[in-house]
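From these two lone chains plus the hints, build me the complex, please.
The primary structure of each chain is shown beneath.
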Amino acid sequence: MEIFQDVVCPVCGCLCDDIEVSVENNKIVKARNACAMGTTKFLNYNNDRIPSPMIKNNGVQKPVSLEECIEKTAEILVKAKYPLIYGLSLSSVESVKVAIELTEEVGGVLDNQTSVCHGPGVQGIHDIGESTGSLGEIRHRADLIIAWGANLQEAHPRHMERYSYTSKGRYRNGKEDRNLIVIDVRETLTAKAADKFIQIEQGKDFEFINALRTALRLEQIQKDKVAGVPVEEIEKLAEVLRSCEFGVIFFGQGVTQVNGKGRNIDGLFSLTRDLNSWTKFLIMPARGHFNVAGVNQVATWQTGFPYAIDLSRGYPWYNPGETTIIDIIRRGESDATLVVGSDPIAHFPPAISKRLINTPLISIDPAHSMTTMVSDVVIPSSFAGIEYEGLAYRMDGLCLPLKKLVKEPDNTMSDEKVLKMILAKVRELKKVN
Amino acid sequence: MQDILIKNGTVFDPINNIDGEIIDIAISKGKIVDKVDESNAEVIDASNKIVLPGGVDIHSHIAGPKVNMGRLLRPEDHYRNLKPKTSVKRAGVGTSCPSTFTTGYEYSEMGYTTVFEPANPPLKMLHVIDEFNDTPMIDKACYPLFGSNWHVMEYLHDNKEDELAAYIAWTLRSVKGYACKLVNPGGVEQWKWGGDVEGLDVAVGNFGVTPREIVKGMCKAVQRLNLPHSIHIHANNLGMPGNYETSIETLDSMREYAKENTNGKPNPIAHLTHVQFNTYGGTNWMNITSGAEHLAKYINNNDHVSIDLGQVVFSDTTTMTADGPFEHKLQTLTGNRWVNADIEAETGCGIVPIKYKKSNYIHAIMWVTGLEAALMIDDPWKVCMTTDHPNGGYFTTYPRVVTWLMSQKAREKYMEKVNKRAKSRTALESLDREYSFSDVVISTRAGTARLLGLNDKGHLGVGADADVAVYNIDLNKIDPAIQYWKVRKALRRADYTIKDGEIVVKDGEVVKSVPGRSYWVDSKVSTDLAKSVESEIKEKFKDYYTIQMSNYIVAEKNIINSSPITVQAEV
Ligand code: SF4
Ligand SMILES: [Zn+2]
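So the protein sequences, as listed, match chains P and A. Per the working numbering, residue 1 is the first one in the first sequence, and the count goes up by one each step. Per the working numbering, residue 1001 is the first one in the second sequence, and the count goes up by one each step.
Just to be clear, a hint being listed does not mean it is correct.
[What the hints assert, rightly or not] To list a few chain P residues with every Cβ distance to chain A over 10 Å, as calculated: (1) Ser115; (2) Leu135; (3) Pro157; (4) Ile357; (5) Asn358.
[Unchecked claim] Which bits of chain A does chain P cover? Going by a derived footprint, with three or more residues having C-beta under 8 Å, they are: (6) 1392–1403; (7) 1526–1535.
These are calculated hints, taken from the structure and not from any lab test. C-beta atoms are modelled at their ideal positions from N, C-alpha and C, and glycine is treated no differently.
Excised from the complex, chain A in its bound form (with noise of 0.2 Å):
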């Protein structure tokens, strides 16, 4: 593998406090270096351009069961984007819904070198991998579903501390799991029945267990198991005019655990995900607004939480979600096609395409209460941007996301298009924040690698895996508040992708394939409580799902390039 010297670029990295030096980055094996021998070395002239690390999304719809029936239940979505074979690229298709090889392809033309898939059953984990062993050019992991597990329920209603954290820890080793996700926690299971969960302290059917003791139990075991990543959650009532408050109240639950971090600061320790979705005010479809201000405060005033956008961007795309109850509303509601897949003993989920319209006084109001939280939160380390694609939008409209944070011309320019009557009911107008590049970097890499615990990624210091980005973005020429479409565009297309030390893209194309890793987390518990647990799941094993247990385990010989991280758990 050939040394590479990035030399002369306008470097952005906040991690490492650079903020747009022009200074040279060197890359050796992979990693980012002090210095090469630049007679020896690939050397990239990036005067005038901007080069950042690569792109580490945080929470992007892009494999698994769910994914594929969305990709089945669309074939009108993929004829938009037909996408032939090249000599280094497969062919594909697909926007809402893309193909694997095209959503490697894709991420990687617009710099991206990470992307983590945030949502699917533990049982479907083997198909969630064999999607991602056919997704190239970008590293991945999964966070598994725990929000309406039985284990769970059960752990939790037997007051078994220890037993629950050791079943995580059993089950994310053994399905290649990376995280802990929530979603709907309780409401999944109620679905099965046809109902759902209400408000936090109404007990789950059969099982006698709140919602809010899921997300506490569930927030400690996290905590104990020293995961690198926190509770991931999507809380309940998603999607409902006044939800905001059932948000904070869940974010608030969680709050006594978090740990103090070397600056005395409590670490993140919940992740709201697409905020956007769980943040109105209003108390119906005719009055609802944004609840973006009272989330703002509260985790402005709080550091335990971390969030992600969810920004709404109108298009015709694919809701989905482990969340049934809320999908079937949808369906009811705009009468669309609907797929529902409920997964024994574990989650649920739900299918429905939609089409945002600037003109939808709710749709207006949603594009909105993305944006007010983004800027309304003050520190742009709580703040991830996404569209949880493909649900607000696809990964692919990130740079008009991105220009939207960072200009506020952008904004005011697209506010004159949308419903009116929202226009009216928002505070984004008076809003007169605009992200700086840096900013934007933490939004997009540092800050989203650090909230996921990847030491490596997400800055350009010495030691770290060489995933690098160069934009043509000449900021001696271009003021991104004000020409924003020049950024857009740069953004879509980077002039360099570099993945491991390799130049992966050239000229925003693919020129190089290459398979990236697939991370997961071994948290080790201690050996007697590990086996005692793992003795129980076996016993409860043939009652609850219709394979065997050693059949439900992942092995490591199934995936390419498998990257296990390995804790000491507290249990």
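For reference, chain P alone in the conformation it holds in the complex (with noise of 0.2 Å):
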């Protein structure tokens, strides 16, 4: 039996990396320190693996030779006018680096899951700016937390014991030290762990956000209740919020993704800044797919822009609403795409997925999904941090590396390396044409 000390766990945004797993015969066995969710990828990733290249023919996918998909993937994109590159958040930075210089190469539009998640969150950096900082500074220092649409608990299992309420740090010694306020449209696992809970009316987050605001700078806000919330109570909140001696935000998808979207991250983003003139206030997104952070971040270095990237003129153009995913299958533009890990099929409203399916769809993938299942060539791939090795980033934006804990099975190669295959298909494509 072999034991990797230190793994990096490739399942949510907070990328444990104390995990030590046991391999016997290429199989893990065990995954100590992980949580549940962690613990379920480790031991049954290997469940419902793509077990070939395909091709579809005739409506039917039929299993082919990895030279076959590469070549045929490359022939759509290079036929393309307008191709999309889609995904990467489940893959190494590497993956992420190869996929851009790839969508350079064939003139499309890369985009990635941020784009129906947390991309109201990275506008509001364009917007406001952020005052924000690493997890550990939170573990260190933070008296008041603040989780505000995001279920923690469910969705981040470990977040509180290694980075925010239950943890303990330099100068906070677990959860006797520090105060949870949930603020959520559900009473969620998190809000019953809470030390309180503010439920506000669904939709109604732009509405609390400024009546808090209102209250911080101690003006009057003229109404009985907002949100459902009575005023008072947000007063006794923005008093709270001042007079702690560090506070912090964590936000998620109940914010980012319900009604007034970007307006509520704005506004939370504001109200964080105004709360430095009165003591310490810091905010962050819970982000969901280990690295989707990753894909931020180069895509941010290598072409200045986070997601939804336009390459068709030759530089990168960026403008959410337009160059992103959805706005651009909704008007009909694109003619192909390449989906990295993920199941867009699955997820996105039933009429974009209508056209989605109408262009050609490449998929890949380690495993089935509703999106690997309707695409026209499917290319298996391995797993990020379990099968292949590189980096990633910490919903925090903290680099870490990802193990190779087991070999891959015959057949199948990582992201990056199918990536390179197609990028240099392509580039001979085009030198015949």
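Right under this line is the structure:
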């Protein structure tokens, strides 16, 4: 049996790096320290693999050689006038780098899951800026933690233990020294664990944030209730924010993907900025996929923009709402899509998914999904952080090295290698043409 | 790799005492050589052109989490400069926070071949290296931040000098850093509770050490480790009226650690960076003035100090520094967008966009301060030309700064446009010093390379790295003091840039992409000390950080062209 120490868990944005993985006969048998979500992945990732590269022929996917798939993919991409490359949140940073180069080469658009989850959070940085920090800062100092539309307990099971509420830091000895307030529309598990839960009405985050900012400025709120919360309670909350030593807001999709979207975020970022005139206050997103932050990081340093990057003019261009994948598909402009490790067919609105299928669709994925099932070309790949190594970025932007723990199945390779082969083929075809 | 012969160029190579002589430069296998076989070499006709060592930038924020946050903060900055892909170049964008590929290309097109990134948290060095790998054309290195580091403050508090030195050596080796950077020593830790330090002798809250003790202790440790570069310091009170006094006090506190060099003079041990931001007189924003005269006087009398300018160039740019409290002040002053990013156990970061306006009194004073410092400090070997990119202006404005140094006329012309009250309160007009080409080469190449301990760079002697720039400046026809705009134009786009013996830029355009190296320093301390300190670090690691110690260490396999420099420590 082989034991790997300090393994980074390639599941959620917490990127816990203290996992001890035991491997027997090229099979993971144990993942110590991982939460249930992490353990499930480590132990069961290998179920439901795509057995072979496939190309659809007369409506039926048929096993073919990898070379045929690469060739077909390259042909599709070279022929396309406005191809989309999408996904990558479950790939290594090295794979993302090749994907960007490929997008540049074929003159397409590179987009990522950010587009449909934390996009508004990213745009909030363009608008307002962000008072933030590394997760260790929270662990050492925060005496006030606010989870806003973020169900930490269920989406990031070890967040509280490692970085926030129950963690022990230099100046805080666990939850006795901290105050956890949950602001959400539902009483989640996180809300149940909190010192205080403030339930607000669905879709009223923006009103609530504004009321809170008003209260913070010690101005009068001209209403009895905002978002279903009595004004006195809002004023009390403002006082709690003002008087903490070190506060932090974690926000999730409960803020970014509801009514108000970007406006909610602009409001929260402004609130946090203003609070720094009173005390020390930070804000950070609780991000889902383990390397979604990494895609934003590498895209930003290579192209200047975090996602939705249009390279069809030769230089990078970015305009969310115009260059975001859903908007491009809705306008019927794209004519081919390459999906890497994502399942847009299952998650996009049905009308968009329908259009996606109407143009050539290629999937690179280790496992079956709704998207791979309807793809014209399917290329099986290996799992980042389990079967191939590389880098990933934690939700607070910290870079960590992913390990290779087991050998990948025959017939599969990393996204990085697959994308490199496609890129080489694309260049070859372009030269011939 | 083909040999290269640069013929008939006017060569400036101050390290080898060549001051505008017409000589040939021969290149083979990446190095400057005595001669090459002309019939087998690529011959560059450099007649009526100047030939300089490749540019060496001692301080420019080009990579890492802070720069990337700047890029993210400012999409509008990118739209001003959109760079399409070419057959050799990757696409890119950006002016004050350019993308990595574009950064490499633009430096190279200006004739620069080495650029050092001056401030990143040790914890984030893997990210820095990840960006370095995507920054082509230039050699790179990074100075990790130590000024508010918990280990450092604790070792100092416990008077553990040997252990401190060993800790620094361990950190540089582990995260692949090159030199030690101090930013607002102690103040950044205070900022994590919303405060700052006030002056050199007020202790940092929970640690019981003062900024003065941090500066002195770090300086001593760096000396004992024999690091190739001195302490790189951004003093307390940066950006505040009257702060020249703090800066001088800081420098003076380090003086006792200077060692003598072979000429019997003290070696530089303190590099006061972006001196412009550290050198104001006055007592408030209304009466702020340049304090350059005082600082210059100190530096002219003390040889343990070097500086870089951090010159302001009127433009729309982005300020970024580990000095979190300073950026917060700037945000409240300007109302501009603001990023803050504190890093556990180590440091912080702030970013605020800024538009330096000629009409603004304070901005005009800043402009004056940098130039006064450059002109009042007599010895060009002590002065490095920088804009603290992007804090004072973009690195692409270097040619403009150089012409301000070379031409009083250029300064006068410009001065007509700046704030009148600022103009009336500066000695700049009376300064008639004009940098010669040799002076410029010293402050952009020879001096910077020497201060960084890069013996094979900054000159064109036999054995040097074949990093060379050729510019279309005909000194028979152009007087830089008069036709300064022609110099500016020529310096912006090199006729040729040669990197490690290969032509990478021709007629101001990249013709070949090369990856460049990543330097880092391995200072060898005694084995026993190294061992005991490593186990101490291990013990604290779990308490201080949210990652495992093994994942903190940057593996060499993650670095393109990893280039360690090994030195022997005295502990
Ligand atoms: S919290 Fe997330 S990263 Fe940590 S072990 Fe669970 S799934 Fe993995
Ligand atoms: Zn700087």
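Minimum Cβ separation between P:Leu135 and chain A greater than 10 Å?
For P:Leu135, whose nearest Cβ neighbour in chain A is about 5 Å away, the distance does not exceed 10 Å, so it is violated.
P:Ile357 remote from chain A - nearest C-beta pair above 10 Å:
Label holds. Min Cβ-Cβ 30 Å, cutoff 10 Å.
Interface-negative label, P:Ser115 against chain A, beta-carbon threshold 10 Å:
holds (15 Å)
Are all beta-carbon distances from P:Asn358 to chain A longer than 10 Å?
holds (29 Å)
Minimum Cβ separation between P:Pro157 and chain A greater than 10 Å?
Holds, because the least Cβ-Cβ distance between P:Pro157 and chain A comes to about 16 Å, which exceeds 10 Å.
How does the segment 1392–1403 of chain A fare against chain P when you require at least three residues with a CB closer than 8 Å, holds or violated?
Check failed, 0 qualifying residues.
Do three or more residues from the segment 1526–1535 of chain A put their C-beta atoms closer than 8 Å to C-beta atoms of chain P?
The restraint on the segment 1526–1535 of chain A is violated, since only 0 of its residues have a Cβ under 8 Å from chain P and three are required.
In terms of the numbered hints stated before, the structure departs from hints 2, 6 and 7, listed from lowest to highest.
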